[in-house]
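Number of protein chains: 4
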Amino acid sequence: MAGNSFGHLFKLTSFGESHGEAIGGIIDGCPAGLKLDLDFIQNELNRRRPGQSNISTPRTEDDKIEFLSGILNDETLGTPIGFIIKNKNQQSKDYDKLKDVYRPGHADFVFEKKFGVRDVRGGGRSSARETISRVVAGAIAKLYLKQHNISIQAFVKQIGSISIDGDYTKHNLNESERNSVRCPDAEKAKEMISYIEKLKVEGDSCGGIIQCVILNTPIGLGEPVFDKLHAELGKAMLSINAVKGFDIGSGFESVKLKGSEMNDAFEIKNEKIITKSNHSGGIQGGISNGMPIYFNVAFKPTSSIKKIQDSVNTSGEEIKLSVEGRHDPCVLPRAVPIVESMAAMIIMDYLLLQKVNQNN
Amino acid sequence: MAGNSFGHLFKLTSFGESHGEAIGGIIDGCPAGLKLDLDFIQNELNRRRPGQSNISTPRTEDDKIEFLSGILNDETLGTPIGFIIKNKNQQSKDYDKLKDVYRPGHADFVFEKKFGVRDVRGGGRSSARETISRVVAGAIAKLYLKQHNISIQAFVKQIGSISIDGDYTKHNLNESERNSVRCPDAEKAKEMISYIEKLKVEGDSCGGIIQCVILNTPIGLGEPVFDKLHAELGKAMLSINAVKGFDIGSGFESVKLKGSEMNDAFEIKNEKIITKSNHSGGIQGGISNGMPIYFNVAFKPTSSIKKIQDSVNTSGEEIKLSVEGRHDPCVLPRAVPIVESMAAMIIMDYLLLQKVNQNN
Amino acid sequence: MAGNSFGHLFKLTSFGESHGEAIGGIIDGCPAGLKLDLDFIQNELNRRRPGQSNISTPRTEDDKIEFLSGILNDETLGTPIGFIIKNKNQQSKDYDKLKDVYRPGHADFVFEKKFGVRDVRGGGRSSARETISRVVAGAIAKLYLKQHNISIQAFVKQIGSISIDGDYTKHNLNESERNSVRCPDAEKAKEMISYIEKLKVEGDSCGGIIQCVILNTPIGLGEPVFDKLHAELGKAMLSINAVKGFDIGSGFESVKLKGSEMNDAFEIKNEKIITKSNHSGGIQGGISNGMPIYFNVAFKPTSSIKKIQDSVNTSGEEIKLSVEGRHDPCVLPRAVPIVESMAAMIIMDYLLLQKVNQNN
Amino acid sequence: MAGNSFGHLFKLTSFGESHGEAIGGIIDGCPAGLKLDLDFIQNELNRRRPGQSNISTPRTEDDKIEFLSGILNDETLGTPIGFIIKNKNQQSKDYDKLKDVYRPGHADFVFEKKFGVRDVRGGGRSSARETISRVVAGAIAKLYLKQHNISIQAFVKQIGSISIDGDYTKHNLNESERNSVRCPDAEKAKEMISYIEKLKVEGDSCGGIIQCVILNTPIGLGEPVFDKLHAELGKAMLSINAVKGFDIGSGFESVKLKGSEMNDAFEIKNEKIITKSNHSGGIQGGISNGMPIYFNVAFKPTSSIKKIQDSVNTSGEEIKLSVEGRHDPCVLPRAVPIVESMAAMIIMDYLLLQKVNQNN
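Residue numbers (numbering that gives the first Met the number 0), protein chains in the order written: chain Z, 0 to 359; chain P, 0 to 359; chain L, 0 to 359; chain D, 0 to 359.
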């Protein structure tokens with residue numbers, strides 16, 4: 000109930016503050032007999048890790064996964080998978096001066112009011128370091144989905160006002176992992192990187208949009224009426240730090256279309272029923288229709304900036320504040336695997352749920 | 000697990016197909032001793048009811064609520080509140096010709112594939128008639144919230160390309176209930192109505208944006224990390240029929256801002272800590288900060304249109320299709336109380352959850 | 000959270016007070032495409048119904064089931080099954096004199112303290128009339144299990160001090176439905192009936208033990224560690240009104256055995272691994288082992304008795320009290336289908352859960 | 000869903016196999032601001048630890064708790080409490096010879112059939128080593144309950160056929176922690192110890208009954224109808240390894256009583272409403288009535304015995320088997336803190352649940 004679990008049948012429960020001993024989690028409900036490629040899992044964590052490039056934070060956490068249970072000979076046992084990632088490079092002193100203030104855009108203030116107490120060593124539980132656990136569970140889900148030929152790929156579509164042209168269908172998504180901003184358009188990637196570097200110098204930050212594409216989802220995933228597939232995807236994305244918006248298919252653009260333009264007409268191709276267009280983004284009535292699923296996730300600019308800001312301290316006095324420390328001027332490149340992970344967990348969860356919907 | 004329940008402590012489980020005997024639900028977890036204004040509840044249903052104006056469907060369902068349990072002398076007992084609304088005006092014959100086809104933009108196709116069987120009498124469970132139960136639970140939640148002086152108001156912000164200027168702070172929201180499109184700008188409302196009437200004649204439909212504002216939420220609601228308050232709001236809205244997008248505060252617009260522009264600086268006013276701006280939309284780190292909560296919900300155009308569309312039938316043949324019947328050319332005016340209801344259920348649920356977060 | 004739902008994937012949420020408009024429920028998670036024998040369901044309700052014989056209450060509720068959703072042409076749709084049973088024969092006047100007193104052995108006192116308010120029209124939500132919903136869900140579960148050749152049969156093993164000899168293996172269980180006390184030993188049944196009739200005359204009541212046997216459960220049902228199959232069965236039985244104890248297999252008797260006596264040795268029979276004895280009652284480590292599952296459920300004597308008792312009233316005064324009204328001197332015969340129903344719901348639920356435990 | 004979580008608001012999710020790296024868990028929903036006495040918690044683990052006396056296994060696991068999150072300066076933060084206990088003394092070689100056989104009375108066979116794979120290094124997930132996590136969560140719950148003056152004490156009431164006279168009211172419970180069998184009757188304790196030692200020599204084992212008493216529970220805990228307080232207690236106890244039975248208050252004995260004997264008459268004492276007798280065991284209609292709660296838990300004899308038994312191996316051949324290794328001839332003394340822990344978790348959970356039942 001307290002918000003640290005995600006999923007119905009494939010379920011992650013996570014723990015950990017940014018400057019505690021370790022963060023970690025328990026994955027319950029992973030079917031037995033799944034072969035785990037541990038290098039792949041560590042590699043997914045590396046995609047999320049700080050210090051990958053000069054546009055991300057210079058913190059160099061190595062984020063090494065340790066599995067404690069649920070696995071024997073690299074195969075799942077059907078029992079809960081416990082894992083931890085030790086916190087090694089916590090420079091709590093960076094945060095000493097922050098323990099008496101509320102950083103604008105951060106959760107310091109609300110955590111203190113909510114719980115009556117707050118972990119003053121950095122963001123504590125509200126730090127994005129928590130998302131490591133999501134990437135672990137997401138990596139396992141990807142391995143499960145691979146068996147069903149389902150692929151999930153996210154990429155940076157927009158940084159500030161710099162956007163690629165059109166959606167995923169217009170780009171070679173393999174390109175996105177070849178540049179540090181994870182954008183499939185190499186030219187735009189350079190522009191984005193320049194913009195981020197400029198903001199970094201200014202002590203400022205920026206946001207952007209990540210688009211995620213899921214291919215080969217079978218028809219029928221999604222649990223109407225409240226647990227519609229895109230509703231769950233939306234919740235998952237909105238639960239990621241700094242996310243302020245989500246839309247699927249034509250999304251906010253569909254507002255301007257007429258029904259006759261928006262509706263995806265059915266047709267027969269290769270003896271299968273598909274839709275001619277895909278404005279719906281692969282989900283109709285909350286249930287996957289077999290077409291590609293794609294959606295956008297809007298991230299606000301990083302809250303931690305060096306620029307002087309107005310704020311108040313815990314004694315209730317107005318102050319001026321500069322947030323020192325090693326922060327990402329733009330979180331999107333590192334958020335790409337997080338978006339993929341949340342999507343993977345959901346698709347796997349809903350595949351399992353669908354196993355019980357028909358009497359057979 | 001099967002998707003027909005919503006909420007953690009204040010929980011609605013709903014049932015019902017559009018053309019079955021009745022729809023209804025069970026509200027579990029409503030605290031005992033809450034006085035219920037039954038007229039208010041019926042009135043909320045009336046706001047959602049078809050046939051309210053010439054821009055909505057001429058179907059004239061009276062949608063009369065019948066409470067079966069959980070209430071004595073208009074006061075809640077703490078036991079589950081069972082309720083039904085009988086289906087009276089089902090013209091199933093309108094649907095007879097549709098039983099062998101898949102309507103574009105509808106859930107006919109995916110329901111049949113998901114369950115292996117489908118209620119061919121109209122949309123069945125995928126019909127928006129299901130949302131009646133949400134309005135019942137939402138009305139009860141509103142009565143609970145009223146005690147805490149929390150108000151929730153939604154309105155139509157945009158229809159097609161016709162949008163009001165600015166956000167809720169620029170308008171008198173009381174105006175929105177005075178016109179049939181539920182827009183707080185009387186002039187824009189007229190434009191919107193004309194546009195909808197024009198599309199109705201054309202046998203076409205349109206979408207739009209509803210904005211919702213929640214005032215006087217206490218600081219501290221929201222359960223990090225997965226059940227952040229705005230994540231739950233997003234899921235709730237995306238679970239409403241025809242919704243394709245959700246954003247909160249500056250939302251998708253925040254993408255273009257710098258951190259120094261986006262961050263809401265803290266200040267002291269009347270001895271309380273507030274923020275100077277409210278780009279975050281009243282929620283930081285997934286927890287309410289006491290400022291107004293506001294968010295946008297994007298609706299696609301109604302799927303049911305008279306215009307001829309390409310489709311396929313259940314025998315797998317390509318066909319031409321016109322969806323007859325009495326459909327709303329634009330669902331937004333009737334969706335306003337649904338958006339409010341989902342928001343009310345969540346705020347109430349999270350108020351209850353917050354009662355157990357501190358040791359006292 | 001509020002206690003009115005049961006099950007994980009096959010889930011019943013129920014509502015209803017004894018003297019309200021109706022009682023009923025929603026069954027969510029029943030797989031689509033299950034053929035429902037509606038006569039069988041009604042017949043199961045009839046087995047629970049008051050007024051079946053001269054040893055049960057003379058109240059003659061007809062308890063007619065009305066399905067409102069989730070079923071088309073007697074087949075489940077995969078959508079929630081809503082149902083109601085109207086309360087017709089409520090003689091609230093019987094209870095008028097009870098509204099200001101707390102009946103010993105009843106939940107009047109605790110309900111009022113728990114909720115601050117109480118339905119004074121009879122037992123309200125604490126009445127065993129609530130179990131009707133369980134029998135509806137249980138009957139559907141039985142129909143599901145029948146496809147898998149799984150049978151569930153309960154019977155009265157003991158009334159007061161009158162007990163049959165040995166356990167279910169020593170008796171022809173078909174006999175139990177042939178007498179009004181539902182005991183498989185016709186001679187003992189007569190003794191039991193005489194005893195009950197005698198107590199009825201005395202204005203007193205008695206309890207007893209119901210044993211339940213489940214045959215043909217596949218190997219592998221049960222979710223360690225907290226949701227062990229017998230733990231869930233225990234909870235289900237203890238949630239039935241008047242139940243004070245539960246044990247499985249040799250149960251409390253196993254306390255006196257040595258490990259060498261208790262352990263069920265494995266052997267091979269017809270190329271299958273079975274156990275020579277079945278002290279464990281078909282469940283080991285919380286997981287079914289393919290042997291018959293059998294357990295005992297202890298019911299205390301009915302609380303409502305005509306005999307004068309000491310009690311207090313709502314004004315806090317000590318009083319003398321006789322509970323008038325038409326009550327069962329012994330609830331066990333009517334509780335037999337309730338025990339079976341709870342067992343059936345669990346076995347079905349765990350069959351569904353087991354569908355996702357292996358990667359295939 | 001997969002059975003490794005327990006509780007509604009105060010929730011333990013556990014992981015770990017007996018011979019893996021570590022066992023541990025996550026406690027979610029512990030209110031913020033609770034002072035933790037870490038020595039007390041370790042001491043509770045010590046009460047459960049093997050090697051405490053000559054009647055328990057000579058394995059000397061030190062079972063040292065390591066908290067990884069959720070606590071700062073010995074105070075809870077309101078965030079999830081992650082913890083691990085490393086497995087140090089695993090003599091897997093003891094189990095090498097067991098990997099190809101199914102031990103009678105153990106879960107080897109059913110785990111392998113359920114999951115298609117099995118941790119052959121000892122009992123794996125089915126080992127009672129898993130209960131360490133329960134004792135951690137239970138110890139924290141006890142600290143929470145202490146604030147409300149609620150105490151929970153369990154003790155050994157019966158071993159084999161050796162039973163103390165009467166129930167908890169007849170004994171000085173403080174005595175039970177003064178002997179190695181945890182029985183409040185010093186004389187009977189000696190008899191029990193002799194009996195256990197004799198069986199140990201014979202390579203055999205025995206079971207028994209633990210009784211647990213909860214004092215000062217407020218009136219009103221318990222969530223009808225399915226989550227009745229004693230139903231949840233029953234499930235919790237039945238989920239402990241080797242438990243085969245549970246009854247509350249007069250339990251199975253109540254079967255022989257008449258209603259007039261069983262009903263607990265109300266009276267006024269010190270201006271409070273109490274009951275003269277306490278046959279119901281402090282719970283009526285599933286809700287606590289303020290009287291002492293007491294219940295019995297029946298444990299079967301330990302399955303692991305040296306005596307030769309018939310069994311089969313994984314190749315499907317019948318074999319003779321002696322289970323070597325360092326096993327408890329009687330688990331009850333070490334199970335006493337486990338029983339208390341499960342009870343403590345439930346009472347804390349239901350105290351939290353009760354906070355939302357009234358509108359105030």
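Since the hints were derived computationally from the structure, they do not count as laboratory data.
On a predicted model such as this, the values are computed, not experimentally measured, just so you know.
Check the hints yourself; a few may be wrong.
One copy or two, either will do: identical chains are not told apart, so a pair holds if it fits within one copy or between any two.
[To be verified] Distance condition first, Cα-Cα at most 30 angstroms in a straight line; then the derived DSSO-like pairs of lysine-lysine:
id: 1; residue 1: Lys275; residue 2: Lys34
id: 2; residue 1: Lys98; residue 2: Lys275
id: 3; residue 1: Lys96; residue 2: Lys145
id: 4; residue 1: Lys169; residue 2: Lys145
id: 5; residue 1: Lys34; residue 2: Lys319
id: 6; residue 1: Lys96; residue 2: Lys169
id: 7; residue 1: Lys63; residue 2: Lys271
id: 8; residue 1: Lys319; residue 2: Lys96
Comparing the hints with the structure gives:
no.: 1; hint: Lys275 <-> Lys34; verdict: neither (37 angstroms within a copy, 36 angstroms between copies)
no.: 2; hint: Lys98 <-> Lys275; verdict: between (56 angstroms within a copy, 22 angstroms between copies)
no.: 3; hint: Lys96 <-> Lys145; verdict: neither (47 angstroms within a copy, 37 angstroms between copies)
no.: 4; hint: Lys169 <-> Lys145; verdict: within (24 angstroms within a copy, 50 angstroms between copies)
no.: 5; hint: Lys34 <-> Lys319; verdict: neither (53 angstroms within a copy, 34 angstroms between copies)
no.: 6; hint: Lys96 <-> Lys169; verdict: neither (48 angstroms within a copy, 39 angstroms between copies)
no.: 7; hint: Lys63 <-> Lys271; verdict: neither (45 angstroms within a copy, 43 angstroms between copies)
no.: 8; hint: Lys319 <-> Lys96; verdict: within (13 angstroms within a copy, 69 angstroms between copies)
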